[in-house]
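There are 2 protein chains.
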Amino acid sequence: MTVLERFYEGDIRALSRIISHIENGREGYRDVLSRLYDRVGSSLRLGITGPPGAGKSTLVNCLAHRLLKQGHKVGVVAVDPTSPFTGGALLGDRVRMSDFPTDGSFYFRSMATRGASGGLANATDNVTIAYDAFGFDVTLLETVGVGQVELDIVDSCDTVAVVVVPESGDSVQTMKAGLMEIADIFCVNKSDRPGAERIISELRQMLKMRKPPEDKWSIPVVRTVATSTDGVEELEEAINKHRAHMGESGFFEKRRRYQIRKKILTVLRNRFQNEFVDRLREQGDLDQAVDEILAKKTNPFEVGDNLYRRFSA
Amino acid sequence: MTVLERFYEGDIRALSRIISHIENGREGYRDVLSRLYDRVGSSLRLGITGPPGAGKSTLVNCLAHRLLKQGHKVGVVAVDPTSPFTGGALLGDRVRMSDFPTDGSFYFRSMATRGASGGLANATDNVTIAYDAFGFDVTLLETVGVGQVELDIVDSCDTVAVVVVPESGDSVQTMKAGLMEIADIFCVNKSDRPGAERIISELRQMLKMRKPPEDKWSIPVVRTVATSTDGVEELEEAINKHRAHMGESGFFEKRRRYQIRKKILTVLRNRFQNEFVDRLREQGDLDQAVDEILAKKTNPFEVGDNLYRRFSA
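As they're listed, the protein sequences go chains A and B.
As numbered in this note's numbering, the first sequence has no gaps in its residue numbers, which increase by one up to the final residue, 313.
As numbered in this note's numbering, the second sequence has no gaps in its residue numbers, which increase by one up to the final residue, 313.
Simulated from the structure, these hints should not be mistaken for lab results.
Heads up, none of these hints are tricks.
Listed below are the simulated PhoX-like cross-link pairs for lysine-lysine, each with C-alpha atoms no more than 25 Å apart in a straight line:
{"hint": "1", "chain 1": "A", "residue 1": "LYS296", "chain 2": "B", "residue 2": "LYS262"}
{"hint": "2", "chain 1": "B", "residue 1": "LYS241", "chain 2": "B", "residue 2": "LYS216"}
{"hint": "3", "chain 1": "A", "residue 1": "LYS254", "chain 2": "B", "residue 2": "LYS297"}
{"hint": "4", "chain 1": "A", "residue 1": "LYS262", "chain 2": "B", "residue 2": "LYS297"}
{"hint": "5", "chain 1": "B", "residue 1": "LYS296", "chain 2": "A", "residue 2": "LYS262"}
{"hint": "6", "chain 1": "B", "residue 1": "LYS241", "chain 2": "B", "residue 2": "LYS211"}
{"hint": "7", "chain 1": "A", "residue 1": "LYS296", "chain 2": "B", "residue 2": "LYS254"}
{"hint": "8", "chain 1": "A", "residue 1": "LYS73", "chain 2": "B", "residue 2": "LYS296"}
{"hint": "9", "chain 1": "A", "residue 1": "LYS297", "chain 2": "B", "residue 2": "LYS262"}
Derived list of chain B stretches under chain A, where covered just means 3 residues or more per stretch with a C-beta under 8 Å from a C-beta of chain A:
{"hint": "10", "region": "261–273"}
{"hint": "11", "region": "292–298"}
Source: prediction; values computed, not measured.
For every residue, glycine included, the Cβ atom is placed at its ideal position computed from N, Cα and C.
Extracted from the complex, chain A is given alone in its bound form (with noise of 0.2 Å):
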């Protein structure tokens, strides 16, 4: 049996080395996600960020564990951008894993692979689709807010949690519109900690003031305590609202068309990385430019021109 087969059949450890083999760039991975890719089905994809030390990880464990006593089938991914200055340890120590099913119905990937062939948010991405494609219900997407990559991965999510803590206090309200933009929902974690009320309701302030969205949604602040699982319930309701508004709504469609364009000009992008840029970068041709450039003779932005002209012939 193929791994592609064994895949189907719902295979754990198929599901595992197809991730690496696509996440590795490996031979023929466009096409195994071309035919994955026919067996996407309507798998949520639910993001969680926030600051380090939010208790995100905890969190994501929680709703897990609630979604699989409900029958779900039930995939994870998070995201670790790896900060040298952290050593790439940015999302904490994770639960063990240990008291997760392993028969199939869940599955954790760590993504921290600097080197993903066509970025971080594209390998996670593909990722998704492996996951949609072996018939996972769910997909809990993880990572720290940041940098702008890290949000550019809930940026492919149905729904998207921030977390923020009472310790966060201060810089709420020197939040960016950007955290707005991407939060469908707000949950404020560690909320028996002083400073909880306060956050609360400068997050409340701060909704009120935005101007009201396109698809109508007024973003809830829910609290919790997830090393308690207080709170867990009521975030999953949020994120069963969202859901249904957002389908009844027509946003989810619309949200989704938005994602596959995306996803497009990803691949895209990507090809023309592999088999341009790349194939440019052994040839000579670089080298006799450069030396050009030295001597004064043009520069890189002339370089790149021609180069570009060369192609789009």
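Please arrange chain B on chain A, whose structure you already have, making use of the hints.
This is chain B only, laid out in the frame that chain A set:
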């Protein structure tokens, strides 16, 4: 007089306008860059990176003052990756610029533009080209090392100083090879605080263990207290030593060649993005493709492939 003529005459406001022009990708910005490049000399580019709160801004200010006193013309560019969780304030409060000369020998620019044309690293690199063409001898490039993008930026420098503080002690052990790869100099700032000796010896230990680098440069560990300018002279000496070593060993030119190659490829990728991808986005082809994908007639990978073939025919 045109802006470019005023730029050539050393008018600092013209410099500011030219940079904005390039940064925002306004009409003809590539021509402007092309013309600036003719004037590019051998301005030294010095990168300063490290975790938030390491005192990078203070260090950069100290270095700038020293260089100015020696008669150099100095440009500073600070990259602030606008994390939505910190409101783009990762760089912290900057010491007021009011004690810097306004006679055209100094300029400071902060890059926080999320939508910078062609990416943040590219936009920053373009600023260094403008500085060089303007006649600055030294460009100080300051960035927070929180993600890969921020590190790509220091990749375009001649010398990179990585700043750490005693508080980073625990994380140094888990620092990934990536940091070792970019550092030409380690600077332990706030070295009057407890834990300084420990982090210095840990760094030295790490440096001993690494395999001998191609350029045979032995990375020094310098201790500073930037707020009282202690050790800044030693840091400057280390920078000069590195510059001399690179020149003698031929690695200065090697690095510059690598950077020019990188720049050519970035220009090429940006043209592809601006002239093919962006135009495609505006046309109806994508919408039709999305319809077909939703109807399961095709998938994003096939569509991307077809579009690519159309382009590269």
